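**Student:** If you want the building blocks of each chain, they are given just below.
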Amino acid sequence: MPLIPPSVDRLTRAFAKFPGIGAKTAQRLAFHCLKDIDTLPGELSEALIAVKGAIGHCRICGFIAEGESCEICSSPGRDHHILCVVEHPLDVLAIERSGEFHGVYHVLWGALSPIDGIGPEQLGIDRLTKRVMDDGITEVMLATDPDVEGETTAQFIAEALAARPGVRVSRLAYGLPVGADVEYADAVTVARAIAGRRDLSQ
Amino acid sequence: MHRNAPATVDTLLTELELVAFRNMNRLQLSIPRGITLITGANGQGKTNILEAVATIGLTKSPRSASLRESMKWDATYSRIRGVLDTGERGLDECIVEIDAREGMPRKRLLLNGESVAASALIGRLPTVLFTPDHLSLVSGGPEERRRFLDIVLTQLPGDGRNDLLRYSRSLLQRNHLLRAMRDGTSDGMELPAFTEMCIASAIAVMAHRQRVISELAGAFTDHLSAFTPDAEVTALCYAPCGRESGQFPTREQFLSEMHARLSRDVAAGSTSFGPHRDDLLLSIHSRPARSVASQGQRRSIVLALLLSSVDLLRNHTETPPLLLLDDVLSELDADRQERFLERLRAPATSQILITATDAADDLLRLARPDHHLTVRNGEVSSTDD
Ligand SMILES: Nc1ncnc2c1ncn2[C@@H]1O[C@H](COP(=O)(O)OP(=O)(O)O)[C@@H](O)[C@H]1O
Ligand SMILES: [Mg+2]
Ligand SMILES: [Zn+2]
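The listed protein sequences derive, respectively, from chains A and B.
The opening residue of the first sequence carries number 0 in numbering that gives the first Met the number 0; numbering runs sequentially from there.
The opening residue of the second sequence carries number 0 in numbering that gives the first Met the number 0; numbering runs sequentially from there.
Hints listed in this document are in silico derivations from the structure and should not be mistaken for laboratory results.
Hints may contain errors.
[Claimed, not checked] Examples of chain B residues lying across from chain A (beta carbon under 7 angstroms, computed): (1) Asp98; (2) Gly102; (3) Ser185; (4) Ala192; (5) Phe193; (6) Glu195; (7) Met196.
[Unchecked claim] Now the stretches of chain A that chain B is said to cover, found in silico as 3 or more residues with beta-carbon under 8 angstroms: (8) 110-122; (9) 148-157; (10) 184-196.
[What the hints assert, rightly or not] Here are the simulated lysine-lysine pairs, DSS-like style, with alpha carbons at most 27 angstroms apart: (11) Lys34(A) / Lys23(A); (12) Lys59(B) / Lys106(B); (13) Lys71(B) / Lys34(A); (14) Lys106(B) / Lys34(A); (15) Lys129(A) / Lys59(B).
Here the structure is a predicted model, which is why all the values come from computation and not from measurement.
The beta carbon of each residue, even a glycine, is placed where N, CA and C say it ideally should be.
Required output: the full structure, derived from the provided sequences and hints.
**Tutor:** This is the structure:
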């Protein structure tokens, strides 16, 4: 008989899949669940199942959504001709916090990275360029991270859109150091990056 | 010469504390101003102590790629703590720790108790390390010379370190893509974008290295003249992308080089043109020092390069760098030792750590150490009165 029952081991391995959680912390979290055996596991599993059943990706922009499309895509108050391209859903929240953007989003769920085998196909760049045409987008703001992968992705999208007439393409000007993440940027930094965005369309 | 101008601040490493670093369980040292001599038989931990000191200055080990190697073999947590006395600005506590208690070792940098990025620590304790490996700086390959330049470059204020990181990351990504294209797993649609990134950061890196080399060259002749009569005919110049003409590739030339080499680069799975092929050319009477210099001339050139890098750091960081001389003085004749040390003494530097296997009379006479420590099996004792 193993000292730790398989069910607890399975829970530990699930926790260990989270970013920043090592084997020891995962084990601590698992044992914490067992300490509160009557409440916490029930609460946790219900929350997870609720998310799994109700949440998917927005058909239009890729952001998280309960149903076909997300809050932002369904809102009549937004400008649906201005598009902001981000790597991750949390970047949407960071940009929303700045209060400076009133258009809609496109979430790539990553950036070009040959090391990780992520190319234009995996990111669905074709879908993005098609959307720009089909939805009559007039401005595309590229808000990918200011690291090598994010910059290259912005460059690639700008090239892909270069031939489309009537689409203004701009790149957010982050004063962030290499390796910085949009999701951690504060509202002021994001607002400044939006205000100082560089036009890439000429 | 600027060498004698007073630095505006004078940062000293006053305390060093190590936990589970290399062969040291726990070590606490106070390091005074001036010259500290550390002696001990081979394999006792002299180099390890200097490595720890250099790690505070550089936020990474000057000898191994990963700090994990410097963690004591049986340990899961290791720490280097240094207290910097910055004079008017007071004390700064710098900590570099490696934590493997969670499995994957993680590095953390702390400045006065707060977790910080490497850029917040680098430059606080400018450091120059001189080891016997440097003696082959003239005769060895370009990689060693690039490493010498980049250690200086990363410690200067400005974007140098950032641009070096960007270039190496862009290059790594581009090379992966070339391999995926060769193996047929990618059609290389994104190659132009990665090439563009490589070129943009490459141009920045070359500008930084050019600046460092021309500033080194400014002090080089003067320093070299202390060791050899050929100083005036010995030159130091930059070969960007290995181009011995010294010609900088423009953006367009860079792009056309990348195009021309594409099929070969795909086959090789790596990029053959760029500042990762840079060199620092050393010549005597316009001939490569590598082939015409005598052993004595080569050593003189190395000493002059190191002295020039001390000046450069001092001029830009406004504090004399900390100098680490690892087991290298004994490799030099008495005359060179004396002249080298004369030029290194205050105000060029405020602290020098010298290691040697024994406190030879010559060394004591020439270095005139202010303090003397001995290391045995990872433990340090003071032999000062
Ligand atoms: N990660 C490590 N953990 C424990 N001991 C180490 C580690 N790395 C090196 N050592 C030991 O440190 C000693 C070498 O110390 P070093 O500082 O290079 O000696 P020296 O005094 O000759 O400069 C050797 O005995 C080696 O086994
Ligand atoms: Mg040694
Ligand atoms: Zn949506």
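**Student:** Work down the list of hints and note, for each, if the structure agrees.
**Tutor:** Verification of the supplied hints:
1. Asp98: violated, 9 angstroms
2. Gly102: holds, 5 angstroms
3. Ser185: Nearest chain A Cβ about 6 angstroms off; hint holds.
4. Ala192: holds, 4 angstroms
5. Phe193: With a minimum Cβ separation of about 6 angstroms from chain A (threshold 7 angstroms), the hint on Phe193(B) holds.
6. Glu195: holds, 6 angstroms
7. Met196: OK, holds: Met196(B) within 7 angstroms of chain A, min 5 angstroms.
8. 110-122: With 7 residues in contact (Cβ-Cβ under 8 angstroms with chain B), the coverage given for the segment 110-122 of chain A holds.
9. 148-157: holds (count 6)
10. 184-196: Per the Cβ count (0), the hint is violated.
11. Lys34(A) / Lys23(A): Judged against 27 angstroms, a Cα distance of about 17 angstroms means the pair holds.
12. Lys59(B) / Lys106(B): Cα-Cα ~10 angstroms, so holds.
13. Lys71(B) / Lys34(A): violated, 36 angstroms
14. Lys106(B) / Lys34(A): Answer violated: Lys106(B) to Lys34(A) is near 32 angstroms, above 27 angstroms.
15. Lys129(A) / Lys59(B): The hint is violated at about 46 angstroms.
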